[in-house]
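2 protein chains.
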Amino acid sequence: MPSEISPLLTDLYQINMMQAYLDRGATDVAAFELFARSLPARRGFLLAAGLQQALDYLENLRVTADEIAWLKRSGRFKQNLLDYLGDFRFTGDVHAMAEGTPFFASEPILRVTAPLPQAQFVESRLINILHFQVLVASKAARMRLAAPDKVLVDFGLRRAHGAEAGLLAARASYLAGFAGTATVLAGETFGIPLYGTMAHSFIETFDDETVAFETFARARPDNLVLLLDTYDTEAAARKVVALAPRLKAAGIAIQGVRLDSGDLIALSKSVRGILDAGGLRDVTILVSGGLDEDSLLAFARAGAPIDGIGIGTAMTTSQDVPAIDCVYKLQDYAGLPRRKRSENKATWPGRKQVWRRYGGDGRMAADILARDSPSPPAPASGAGLDGSGEPLLQLVMRGGKRTQPSETLDTIRSRVRRELERLPEPLRRLEAGTTYPVEVADELKALAAAVDARMQQTP
Amino acid sequence: MPSEISPLLTDLYQINMMQAYLDRGATDVAAFELFARSLPARRGFLLAAGLQQALDYLENLRVTADEIAWLKRSGRFKQNLLDYLGDFRFTGDVHAMAEGTPFFASEPILRVTAPLPQAQFVESRLINILHFQVLVASKAARMRLAAPDKVLVDFGLRRAHGAEAGLLAARASYLAGFAGTATVLAGETFGIPLYGTMAHSFIETFDDETVAFETFARARPDNLVLLLDTYDTEAAARKVVALAPRLKAAGIAIQGVRLDSGDLIALSKSVRGILDAGGLRDVTILVSGGLDEDSLLAFARAGAPIDGIGIGTAMTTSQDVPAIDCVYKLQDYAGLPRRKRSENKATWPGRKQVWRRYGGDGRMAADILARDSPSPPAPASGAGLDGSGEPLLQLVMRGGKRTQPSETLDTIRSRVRRELERLPEPLRRLEAGTTYPVEVADELKALAAAVDARMQQTP
Numbered sequence: 153m154p155s156e157i158s159p160l161l162t163d164l165y166q167i168n169m170m171q172a173y174l175d176r177g178a179t180d181v182a183a184f185e186l187f188a189r190s191l192p193a194r195r196g197f198l199l200a201a202g203l204q205q206a207l208d209y210l211e212n213l214r215v216t217a218d219e220i221a222w223l224k225r226s227g228r229f230k231q232n233l234l235d236y237l238g239d240f241r242f243t244g245d246v247h248a249m250a251e252g253t254p255f256f257a258s259e260p261i262l263r264v265t266a267p268l269p270q271a272q273f274v275e276s277r278l279i280n281i282l283h284f285q286v287l288v289a290s291k292a293a294r295m296r297l298a299a300p301d302k303v304l305v306d307f308g309l310r311r312a313h314g315a316e317a318g319l320l321a322a323r324a325s326y327l328a329g330f331a332g333t334a335t336v337l338a339g340e341t342f343g344i345p346l347y348g349t350m351a352h353s354f355i356e357t358f359d360d361e362t363v364a365f366e367t368f369a370r371a372r373p374d375n376l377v378l379l380l381d382t383y384d385t386e387a388a389a390r391k392v393v394a395l396a397p398r399l400k401a402a403g404i405a406i407q408g409v410r411l412d413s414g415d416l417i418a419l420s421k422s423v424r425g426i427l428d429a430g431g432l433r434d435v436t437i438l439v440s441g442g443l444d445e446d447s448l449l450a451f452a453r454a455g456a457p458i459d460g461i462g463i464g465t466a467m468t469t470s471q472d473v474p475a476i477d478c479v480y481k482l483q484d485y486a487g488l489p490r491r492k493r494s495e496n497k498a499t500w501p502g503r504k505q506v507w508r509r510y511g512g513d514g515r516m517a518a519d520i521l522a523r524d525s526p527s528p529p530a531p532a533s534g535a536g537l538d539g540s541g542e543p544l545l546q547l548v549m550r551g552g553k554r555t556q557p558s559e560t561l562d563t564i565r566s567r568v569r570r571e572l573e574r575l576p577e578p579l580r581r582l583e584a585g586t587t588y589p590v591e592v593a594d595e596l597k598a599l600a601a602a603v604d605a606r607m608q609q610t611p
Numbered sequence: 153m154p155s156e157i158s159p160l161l162t163d164l165y166q167i168n169m170m171q172a173y174l175d176r177g178a179t180d181v182a183a184f185e186l187f188a189r190s191l192p193a194r195r196g197f198l199l200a201a202g203l204q205q206a207l208d209y210l211e212n213l214r215v216t217a218d219e220i221a222w223l224k225r226s227g228r229f230k231q232n233l234l235d236y237l238g239d240f241r242f243t244g245d246v247h248a249m250a251e252g253t254p255f256f257a258s259e260p261i262l263r264v265t266a267p268l269p270q271a272q273f274v275e276s277r278l279i280n281i282l283h284f285q286v287l288v289a290s291k292a293a294r295m296r297l298a299a300p301d302k303v304l305v306d307f308g309l310r311r312a313h314g315a316e317a318g319l320l321a322a323r324a325s326y327l328a329g330f331a332g333t334a335t336v337l338a339g340e341t342f343g344i345p346l347y348g349t350m351a352h353s354f355i356e357t358f359d360d361e362t363v364a365f366e367t368f369a370r371a372r373p374d375n376l377v378l379l380l381d382t383y384d385t386e387a388a389a390r391k392v393v394a395l396a397p398r399l400k401a402a403g404i405a406i407q408g409v410r411l412d413s414g415d416l417i418a419l420s421k422s423v424r425g426i427l428d429a430g431g432l433r434d435v436t437i438l439v440s441g442g443l444d445e446d447s448l449l450a451f452a453r454a455g456a457p458i459d460g461i462g463i464g465t466a467m468t469t470s471q472d473v474p475a476i477d478c479v480y481k482l483q484d485y486a487g488l489p490r491r492k493r494s495e496n497k498a499t500w501p502g503r504k505q506v507w508r509r510y511g512g513d514g515r516m517a518a519d520i521l522a523r524d525s526p527s528p529p530a531p532a533s534g535a536g537l538d539g540s541g542e543p544l545l546q547l548v549m550r551g552g553k554r555t556q557p558s559e560t561l562d563t564i565r566s567r568v569r570r571e572l573e574r575l576p577e578p579l580r581r582l583e584a585g586t587t588y589p590v591e592v593a594d595e596l597k598a599l600a601a602a603v604d605a606r607m608q609q610t611p
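Those protein sequence lines, which keep their order, are chains S and W.
Going by our numbering, the first sequence opens with residue 153, and the numbers climb by one from there.
Going by our numbering, the second sequence opens with residue 153, and the numbers climb by one from there.
If we strip away everything but chain S, and leave its shape as in the complex, we get (with noise of 0.2 angstroms):
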């Protein structure tokens, strides 16, 4: 789906700007980098996210002919403008964290660098796209950490915002480890494994419930599960009990009940009761009804017998938090590094790299924000860290072509498997009992200060 929007999804100030760049012949190449300024509340870490659908978009943006025509009508616009655009092909290069890395404030986990025009046209999509996706990855990463062996299912399509984040938002929870999604679409388009089970609606169309069950049971056999809640979920459990035997004649297995109401724990237990008194021990109970990272801790902490849980709009909203300060911002011009210093929104100049080193247990250490380069930075004052590390950015695309082949979700997910597991331990916590320290290298800083005389210079 994202290749199909149109390019026009931009804001206008964008195409504004263009407009006066092309007047003054203003077409340097320029490097712009996309970063969060700081981590919102209750979020330790970030995970990079959403790189192939980004990557889709600059291979992809043209602008068609009734699109120029739309523009050209709108009076805004001259006509170099309008053939500029006729034209556009994306022509820069890529530098990019892997999907699946964990990342932290103002570090970059792309950069953009093409002419002016270029690499400004694409900013507002850019952070669309990727905004996005690290938002959900982020959130369904701690859900994950929070039930590291449990079946976790993304239910929230209805309530995500609109189709794009419904389709996406499968895509990014389970690339952080969600085993699946609801979103038949999500399956058709990134392959990701589907499950479902059925609606209260389903039951109410009968008058007897049992009958729903086996109506229901007959007509789809495989990965049977049956839903309990709809009038009274004890009574439901029995009624499954009663019909096993049934099924089980006509070669139906049922493989799980799901609850998606009242107190799911008190429920789980005394329905795995119920189950396991009738024989019913492999049947699994699934859960669902407004959870979130929070939900699936107390359910580990009472021991509630649960085995999988569909979640929905806590995470496909990423409901605590529905936003990240992300931003896309100029790092050089023609040559030189450019900063704002507005309140609160300085950013550091030019082009960097993320460094990464690793203590002796494996786990991530300390990051350093320092000038791209092919070497790590002199060690930061005070840091004392060596100057070894592990560069995050990679160039992904060069001359507006990927470099490489897009990577496969499963070697996503493997990823993230293995960075979670390297976080250190107080990040993986829901409450993040600490900072991680990403450090500014000196020759950053000096960067700045000389970036800021040149400015002081100029009336």
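Hints may be right or wrong, so weigh each one.
Pairs involving identical chains hold if they fit within one copy or between any two copies, as the list cannot separate such chains.
DSS-like mimics (lysine-lysine), calculated; alpha carbons at most 30 angstroms apart, straight line [as the list claims (entries may be wrong)]: (1) K553 <-> K597; (2) K302 <-> K400; (3) K553 <-> K302; (4) K302 <-> K492; (5) K497 <-> K421.
Rather than coming from a laboratory, the hints here were simulated on the basis of the structure.
With the hints as your guide, set chain W onto chain S.
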């Protein structure tokens, strides 16, 4: 964009249930209603929105041959279902509240009456479409109420949750009273007025801020707004004053300045002083940067000389409340009313109408939730209200076709203006001082009891 979305953007269980319905011949008429179970925190009312996109979806719902082939390859479904989907057309009726109508907990804003498999199939996407626009229109209305005399503009595309959210947030905020949007595609798609200024990056590509201003002014002389806070807001205001005569000589008028960081109340006052002292009394002041309805109220209370406000993330994500407990529930099937009785999620059975009564001052006084009927219900016990009122749900689609042309956004905007004036005064405040009375008609309570009694008779 919504009509281009694949019908596979739905939950797997919808298709599973359709398979079971078809196998059993359960294709009688069902009625489902869409409503919010409760009002979220800090919301005294919600605004109906998104009906046009919902009807577009229903009218254009087709499953392509490629999609049928994919479903077949999945091995999950039988040929009877694949044939049914291949021929799928929505042939049902829809009753709905007009867009821009305030509504409250438990009040249906839309009813689908259609053969059961059809009505089931459309659940996920209908909620997805309507929930989001209700969410954003309701949030934007709060901003409109907090700043009734200001120009409010949607700047929120970049942190909206994906493409469709960015586009539809522009629509939902415009119908709620915003003046326009920065999102170009919303101008093309919906004819919404476009607003755009300039970004910090533009200023930063120049070493001299005044040269940046002048270059932009000459390239984009219409509706010229200059951004002041890249380095030092007050210094930039003085540069604008110095530049204005030279631009005026070139026939260019500065329309406004924008402040995007810092203490916006204090800066708006000092910048107003600098502009006025420099003879630029007609130059307006726009502000932006992480603003919400509370910011707007603070501006008004401080008497800040602010003319317009760009509002982004807080509006497009409905940041304080990014989801509403919005559901779509079976009300009757095959002529019999139905309800679920799940804990805290019980529903009122049967097709319903919402009757709204007004007081002598023309303000909304109370609603009655009643069984659907052409005439108002008998007085509710103890409500102290007579039987008159205005029915809010109207037929908008019959047999899968709209009964009337889509309303223009201007029509909906006029309705919102009128309806916000008719809200009880306490509901117009950011902290609603009261709960609006929604009475449940006695006949509806009697129906719920009758449905429960019927269900008790089954084993």
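**Request:** Could you work out which earlier hints the structure fails to respect and list their numbers in ascending sequence?
**Result:** When the structure is compared with the hints, numbers 1 and 3 turn out to be violated.
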